[in-house]
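Asker: Sequence:
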Amino acid sequence: MEKAARLFALLGLALAVALVAREDTSALWALLKTAGVGLVVAGLFHAVPMVANARAWQVLLPGAKRPSLAAMARNVWIRESVNGLLPVARIGGEIVSFRILRLDGVRVAPAAASLVVDMAISILSQLGFSLLAVGLLVALKGPVGIAGQVTLGLLAMVPLVALFILVQRAGLFAKVTGVLDKAASGRLAGIMAHSARIDRASKAMYRRTGAITGCFLWQLLGWALGAGEIWLALWALGHPMGLLEALVIEGLIQAVSSAAFVVPGALGVQEGAFLLLGGALGLDAPTALALAAARRLRDLVVFLPGLVAWTTLRKAKV
Numbered sequence: 281m282e283k284a285a286r287l288f289a290l291l292g293l294a295l296a297v298a299l300v301a302r303e304d305t306s307a308l309w310a311l312l313k314t315a316g317v318g319l320v321v322a323g324l325f326h327a328v329p330m331v332a333n334a335r336a337w338q339v340l341l342p343g344a345k346r347p348s349l350a351a352m353a354r355n356v357w358i359r360e361s362v363n364g365l366l367p368v369a370r371i372g373g374e375i376v377s378f379r380i381l382r383l384d385g386v387r388v389a390p391a392a393a394s395l396v397v398d399m400a401i402s403i404l405s406q407l408g409f410s411l412l413a414v415g416l417l418v419a420l421k422g423p424v425g426i427a428g429q430v431t432l433g434l435l436a437m438v439p440l441v442a443l444f445i446l447v448q449r450a451g452l453f454a455k456v457t458g459v460l461d462k463a464a465s466g467r468l469a470g471i472m473a474h475s476a477r478i479d480r481a482s483k484a485m486y487r488r489t490g491a492i493t494g495c496f497l498w499q500l501l502g503w504a505l506g507a508g509e510i511w512l513a514l515w516a517l518g519h520p521m522g523l524l525e526a527l528v529i530e531g532l533i534q535a536v537s538s539a540a541f542v543v544p545g546a547l548g549v550q551e552g553a554f555l556l557l558g559g560a561l562g563l564d565a566p567t568a569l570a571l572a573a574a575r576r577l578r579d580l581v582v583f584l585p586g587l588v589a590w591t592t593l594r595k596a597k598v
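Residue numbers (the numbering used here): 281 to 598.
Don't take each hint at face value.
The calculated label-pair distances, taken between Cβ atoms and stated as ranges, are [as the list claims (entries may be wrong)]:
hint, residue 1, residue 2, range
1, GLY316, LEU524, 22 to 28 angstroms
2, ALA327, LEU523, 28 to 34 angstroms
3, LYS313, VAL438, 42 to 48 angstroms
4, ALA476, ALA294, 45 to 51 angstroms
5, ARG488, MET521, 22 to 28 angstroms
6, GLY490, VAL418, 31 to 37 angstroms
7, THR489, ALA310, 49 to 55 angstroms
8, LEU349, LYS483, 23 to 29 angstroms
9, GLY518, LEU435, 34 to 40 angstroms
No more than 20 angstroms apart at the CA atoms, straight line, and that leaves these computed lysine to aspartate or glutamate pairs for EDC-like [unchecked claim]:
hint, residue 1, residue 2
10, LYS313, ASP564
11, LYS421, ASP564
12, LYS345, ASP384
13, LYS313, ASP579
14, LYS595, ASP384
Just so you know, these hints were derived from the structure itself, not from any lab.
Every value quoted in this text rests on a predicted model; they were computed, and no experiment measured them.
We put the CB at the ideal spot given by N, CA and C, even for glycine.
Start from the sequences, fold in the hints, and give me the full structure.
Answerer: Quick look at the structure:
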């Protein structure tokens with residue numbers, strides 16, 4: 281997996297460099313210099329959707345002992361930092377999040393169950409947000425080719441998301457562990473007990489329809505608030521657009537980045553998506569690439585400190 285991640289990262293970096301090299305780099309650098317600190321402000325705005333995502337996750341955890349909103353926001357920040365900057369195929373962040381929940385006093389079963397359920401609802405809410413973005417793109421610009429392609433890709437995900445949720449509700453952990461226990465001649469009895477508790481906790485969460493609905497709506501708000509980063513970055517670059525256009529860009533960029541989860545940081549893929557979407561919305565290539573660079577700057581400004589926070593937290597809890 282590590283070798284594959286490095287290979288995809290190198291290929292993505294090569295693609296990103298090629299995309300930048302084929303355009304007017306002097307115009308790109310001029311835009312970035314003009315924007316200056318405005319792009320940092322746009323990047324820091326990412327804290328707002330992170331708080332919404334933290335609240336979405338928090339409502340899933342039952343009981344008075346669930347972590348505070350500030351603790352959950354810190355957890356989301358570290359999770360996104362790990363997934364955004366490290367070659368972990370967007371899984372390593374969830375493992376780190378589980379450890380932080382345990383450090384915050386959440387028991388094994390609800391901690392693991394909340395992560396899996398939150399992930400399933402996150403995929404579902406992102407799918408809905410991206411489909412909304414496609415609809416807005418068609419409403420604003422007419423039936424452009426990219427809209428049809430993205431729609432087909434998103435609709436293809438629907439049965440996969442449904443299967444993922446159904447498998448969770450059918451007792452995923454206990455069934456997988458049972459197979460492994462048989463292969464290990466019954467030496468995984470302790471792990472099986474944990475798996476059964478996680479399955480019971482997951483089923484209990486899905487039965488709390490109010491919490492599931494609240495999680496979905498908070499996540500949807502989080503995706504929508506992410507458009508604020510795009511809107512602020514375009515304003516700083518001297519190419520302001522409306523909030524609807526920003527919603528279109530954010531929704532489709534998120535969909536492309538998630539589809540390219542095997543490529544660390546969606547290197548190259550994200551830059552190509554910004555060029556395609558920018559062109560569909562009337563942005564010239566240098567501005568679209570500058571917007572892509574603003575997203576990379578966001579990763580450095582927000583996620584690098586997140587990795588430092590995780591290191592500091594681990595040392596403090598040892």
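Asker: Now, for every hint given, state plainly whether the structure supports it.
Answerer: Comparing the hints with the structure gives:
| no. | hint | verdict |
| --- | --- | --- |
| 1 | GLY316 - LEU524: 22 to 28 angstroms | holds, 26 angstroms |
| 2 | ALA327 - LEU523: 28 to 34 angstroms | violated, 19 angstroms |
| 3 | LYS313 - VAL438: 42 to 48 angstroms | holds, 44 angstroms |
| 4 | ALA476 - ALA294: 45 to 51 angstroms | holds, 47 angstroms |
| 5 | ARG488 - MET521: 22 to 28 angstroms | violated, 39 angstroms |
| 6 | GLY490 - VAL418: 31 to 37 angstroms | holds, 34 angstroms |
| 7 | THR489 - ALA310: 49 to 55 angstroms | holds, 53 angstroms |
| 8 | LEU349 - LYS483: 23 to 29 angstroms | holds, 26 angstroms |
| 9 | GLY518 - LEU435: 34 to 40 angstroms | holds, 37 angstroms |
| 10 | LYS313 - ASP564 | holds, 17 angstroms |
| 11 | LYS421 - ASP564 | holds, 16 angstroms |
| 12 | LYS345 - ASP384 | holds, 9 angstroms |
| 13 | LYS313 - ASP579 | holds, 18 angstroms |
| 14 | LYS595 - ASP384 | holds, 14 angstroms |
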